[in-house]
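Colleague: Sequence order for the protein chains is A, B and C.
In this text, residue positions in the first sequence follow the working numbering: the first is 61, and each later residue adds one.
In this text, residue positions in the second sequence follow the working numbering: the first is 61, and each later residue adds one.
In this text, residue positions in the third sequence follow the working numbering: the first is 61, and each later residue adds one.
The set of hints was computed from the structure by calculation and includes no laboratory data.
Please note: incorrect hints may appear among the correct ones.
Where chains are identical, the list cannot tell them apart; a pair therefore holds if satisfied intra-copy or between any two copies.
Here are the computed lysine-lysine pairs in the DSBU-like style, where the Cα-Cα straight-line distance is at most 30 Å [as the list claims (entries may be wrong)]:
id, residue 1, residue 2
1, LYS149, LYS178
2, LYS95, LYS375
3, LYS178, LYS225
4, LYS185, LYS375
5, LYS149, LYS321
6, LYS239, LYS223
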Amino acid sequence: MKHFTTVHDVKNIDSLIDDALLLKNNPFTHQHLGKNKTLGLIFLNPSLRTRMSAQKAAMNLGMNVISMNVDKDGWALEYEDGAIMNGNKIEHIKDAAAVMGTYCDIIGIRCFPNLQNKAEDYSEKVFIKFMKYCKVPIISLESATLHPLQSFADLISIKETWKQKIKPKIVLTWAPHIKALPQAVANSFSEWMLKADYDLTIAHPNGYELSEDYTGGAKITNNQKEAMLGADYVYVKNWSCYNEYGKITAEHNDWVLTKEKMKITNDAKIMHCLPVRRNIELSDELIDCSNSLIIKQAENRVYAAQAVLKSILEKENIITQKINHEEKLANS
Amino acid sequence: MKHFTTVHDVKNIDSLIDDALLLKNNPFTHQHLGKNKTLGLIFLNPSLRTRMSAQKAAMNLGMNVISMNVDKDGWALEYEDGAIMNGNKIEHIKDAAAVMGTYCDIIGIRCFPNLQNKAEDYSEKVFIKFMKYCKVPIISLESATLHPLQSFADLISIKETWKQKIKPKIVLTWAPHIKALPQAVANSFSEWMLKADYDLTIAHPNGYELSEDYTGGAKITNNQKEAMLGADYVYVKNWSCYNEYGKITAEHNDWVLTKEKMKITNDAKIMHCLPVRRNIELSDELIDCSNSLIIKQAENRVYAAQAVLKSILEKENIITQKINHEEKLANS
Amino acid sequence: MKHFTTVHDVKNIDSLIDDALLLKNNPFTHQHLGKNKTLGLIFLNPSLRTRMSAQKAAMNLGMNVISMNVDKDGWALEYEDGAIMNGNKIEHIKDAAAVMGTYCDIIGIRCFPNLQNKAEDYSEKVFIKFMKYCKVPIISLESATLHPLQSFADLISIKETWKQKIKPKIVLTWAPHIKALPQAVANSFSEWMLKADYDLTIAHPNGYELSEDYTGGAKITNNQKEAMLGADYVYVKNWSCYNEYGKITAEHNDWVLTKEKMKITNDAKIMHCLPVRRNIELSDELIDCSNSLIIKQAENRVYAAQAVLKSILEKENIITQKINHEEKLANS
Chain A
61 MKHFTTVHDV
71 KNIDSLIDDA
81 LLLKNNPFTH
91 QHLGKNKTLG
101 LIFLNPSLRT
111 RMSAQKAAMN
121 LGMNVISMNV
131 DKDGWALEYE
141 DGAIMNGNKI
151 EHIKDAAAVM
161 GTYCDIIGIR
171 CFPNLQNKAE
181 DYSEKVFIKF
191 MKYCKVPIIS
201 LESATLHPLQ
211 SFADLISIKE
221 TWKQKIKPKI
231 VLTWAPHIKA
241 LPQAVANSFS
251 EWMLKADYDL
261 TIAHPNGYEL
271 SEDYTGGAKI
281 TNNQKEAMLG
291 ADYVYVKNWS
301 CYNEYGKITA
311 EHNDWVLTKE
321 KMKITNDAKI
331 MHCLPVRRNI
341 ELSDELIDCS
351 NSLIIKQAEN
361 RVYAAQAVLK
371 SILEKENIIT
381 QKINHEEKLA
391 NS
Chain B
61 MKHFTTVHDV
71 KNIDSLIDDA
81 LLLKNNPFTH
91 QHLGKNKTLG
101 LIFLNPSLRT
111 RMSAQKAAMN
121 LGMNVISMNV
131 DKDGWALEYE
141 DGAIMNGNKI
151 EHIKDAAAVM
161 GTYCDIIGIR
171 CFPNLQNKAE
181 DYSEKVFIKF
191 MKYCKVPIIS
201 LESATLHPLQ
211 SFADLISIKE
221 TWKQKIKPKI
231 VLTWAPHIKA
241 LPQAVANSFS
251 EWMLKADYDL
261 TIAHPNGYEL
271 SEDYTGGAKI
281 TNNQKEAMLG
291 ADYVYVKNWS
301 CYNEYGKITA
311 EHNDWVLTKE
321 KMKITNDAKI
331 MHCLPVRRNI
341 ELSDELIDCS
351 NSLIIKQAEN
361 RVYAAQAVLK
371 SILEKENIIT
381 QKINHEEKLA
391 NS
Chain C
61 MKHFTTVHDV
71 KNIDSLIDDA
81 LLLKNNPFTH
91 QHLGKNKTLG
101 LIFLNPSLRT
111 RMSAQKAAMN
121 LGMNVISMNV
131 DKDGWALEYE
141 DGAIMNGNKI
151 EHIKDAAAVM
161 GTYCDIIGIR
171 CFPNLQNKAE
181 DYSEKVFIKF
191 MKYCKVPIIS
201 LESATLHPLQ
211 SFADLISIKE
221 TWKQKIKPKI
231 VLTWAPHIKA
241 LPQAVANSFS
251 EWMLKADYDL
261 TIAHPNGYEL
271 SEDYTGGAKI
281 TNNQKEAMLG
291 ADYVYVKNWS
301 CYNEYGKITA
311 EHNDWVLTKE
321 KMKITNDAKI
331 MHCLPVRRNI
341 ELSDELIDCS
351 NSLIIKQAEN
361 RVYAAQAVLK
371 SILEKENIIT
381 QKINHEEKLA
391 NS
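Turn these sequences into a full structure, and let the hints steer you where they fit.
Modeller: Given below as structure tokens:
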């Protein structure tokens, strides 16, 4: 793996899951890979799970970690090419990314969308520019449109708990929230489930359609009850509108997930990426019940990140060995 | 030791002091204990000494450290069970603590009181909930009511400097301050001195009584001069009222400690937990004189934390070995 | 080396450069030196390159790192001796520095000038006090008047790219900016180039004279074109007035460096310390052209810091060995 910003960066999803589960059993067996390697974690937005799990994953592999809260520890970045920088942005991403690339072997970046301008957010300009200028492998710690480490951890959690031969029925159901949230987790969950060839149903109120770029292949319905029928896994998540971009067009408090609604499922496991607004998105009794995978999903963030870092380090290793070998040949 | 939130978590205070002094002489001899273990440091309030000394202690033991400024790097937490989370708290402590527990082997937390509601502060709800939900050992980096790592470092500092067979006379004297401060350091110092069976006198102006839960067994007086007579150690500290909770009922600037007042002591050592308001709590000449133990106390914070971490890691080790042994028996 | 706050702390500048270049080729060969040593990084101001490169340098040497954003993670410091601390400063630098010195083997500090009071800024009171009270070696991460790690990295970058026997012609040219900036980079670059015995020309508009304490020995002109003639290296940097202290007396937008102006140089390399205001200080086409050393300079910050840390650790090592040897003799 070179970069990790979407499921499409993963060559073999099954072997990556297997790797994560092996690392979960033996987290410290690959510390030679990370020795003297530095992971830079660049936060343009707040983070708890991602910050801690990525750091843990890197340390498990013997890596060093440098964390930067760019807006607080550093400074505001300019993203426009050719900008005459006479405003409050004091460094261009061209320069900041290039410099960070000289200090780190791999860089993780978190950058939320602003939810004001769909074209800009969905162009992923921050990630594209970072990748272009920093020249080292980039890991998404959640971008404007995707959250692949979360979705990979979700997939690991399903894999760990599903013991039947037939594939499970997965439901992603929209939930109410008091704030306008990105579509990143929903987009990303959809593309990972579909790539894993799972039976995915997405339920949301009218107006909350996601981009078909991510959901193509899933069943889509505005009827939550219909979706839940026979579900094996129910993933609960709010997102703001994609079409009326970034808006909360209606509140739909009747979409909160309750114990009553779970009765028609196949004793489904309950999933959420956290942080969760308790009793707004879903009820306390569901979050805290034995069918909840929520803490397991968070725990698996470590092994998702670790499998991704390991894969990138191994590829870098092969490249370095190849260069060394060619240099030896050239010198001999 | 399982948790460390009060002196009552310590089984044998003398052997813990001995351990700290051994570690001070040879700080790097137990790095096998901390290898691949992670200490999470969770700050809900600012910190200098505690942040640096806890990190140093963990690194001396070979541990990895992840620091989180929850309010700045992460987000505001909800503490009420059953809350309908439609306000500005975006994650419940139940979920945040449970997740952190999956990333860390030991967690240190700092959480000051709000000084508005005595019952709430003295219930230590943040600590109780963290301990309940995170499931790993918890170390207090200062709670609403206690600061045990400080008091342990204070005790080490006394032990290092007192060479006589009879126990020293210890005085804790209230000092003026411009802000309402917690009672945590005073409560904690009292319970540690009494547990160590020292002769403790607490002097404070009328109205600044501490809770008897911590001071029971100490001599208590409103006469600073009487308290100082023949003292071997004088600990200077401000606290706000416990009875008229969190209030500064009167300023008592005559309680500032001066060189003149020290004359009737037994050439006493001067102690303070830092940060100190110079020339408000006590005078420059006392802080900077050769009898001052203030920098030594701060230095000993490392070895206090290290002895506590070592004790917890050793207990965890024994539990792991026992589980492994039982698994082997079961499999054989 | 004991402290590193100016070029005058360096005994042999050529051997320090050689050391940095050796470390650049083999960064991980001296990890025994840093083992169980702690570098404290104390930031009183924001930092990106310095924060990341110093941390990387320390980790390359096997050191532990503790970073503190004093104003955010800790608290505001009082600097005046004898202050009655009844304001918003909650700890005196005397105490904070002394404590940090007990936790760290080496301390790096960043502290910008306030540009209000020349005498105060140029007295370097923060650095002087830190050095006085913390008792461990101090590294400047940029002070009120100097930025020696930057200048050392600049010198390494020149050394790497200049292959002729005769010394190159170096030009430091003032550039426009929208904010009043310190003189630190310009002062420091001047004293390093002069110490290295390079031919240095400083060009700036009338009114932007630097202190002769740093520039004595350089050619100084108000004619940018004249300075550029035949230049081998052009260092672009804004600074505010030294005489009318901290002021921008005139904007001089005609001083922006352009491709046209470079024509009369000897195909000169272009240098800047970053962050750069693109198209204000110099044009995109110059920053991004093949003659630009700007990213190299930033990259070399790691090896500048690493050579300095190595030199300090080696000196500390010798002192420790000497003490151990003397103790052995005394005990034998």
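Colleague: Would you mind marking each hint as holding or not holding in the structure?
Modeller: These are the hints, each one checked on the structure:
When the C-alpha separation of LYS149 and LYS178 is checked against a cutoff of 30 Å, the pair qualifies both within a copy, at 22 Å, and between copies, at 27 Å. Proximity of LYS95 and LYS375 under a CA criterion of 30 Å is satisfied in both settings, with 15 Å inside one chain copy and 27 Å between copies. Proximity of LYS178 to LYS225 under the C-alpha cut-off of 30 Å is found in neither arrangement, the shortest distances being 41 Å within a copy and 57 Å between copies. Only within a single protomer do LYS185 and LYS375 lie at most 30 Å apart by alpha-carbon distance; the minimum there is 26 Å, versus 48 Å between protomers.
In this assembly of identical chains, the alpha carbons of LYS149 and LYS321 lie at most 30 Å apart only when taken from different copies (26 Å versus 49 Å within one copy). In this assembly of identical chains, the alpha carbons of LYS239 and LYS223 never lie at most 30 Å apart, being 37 Å within a copy and 60 Å across copies at closest.
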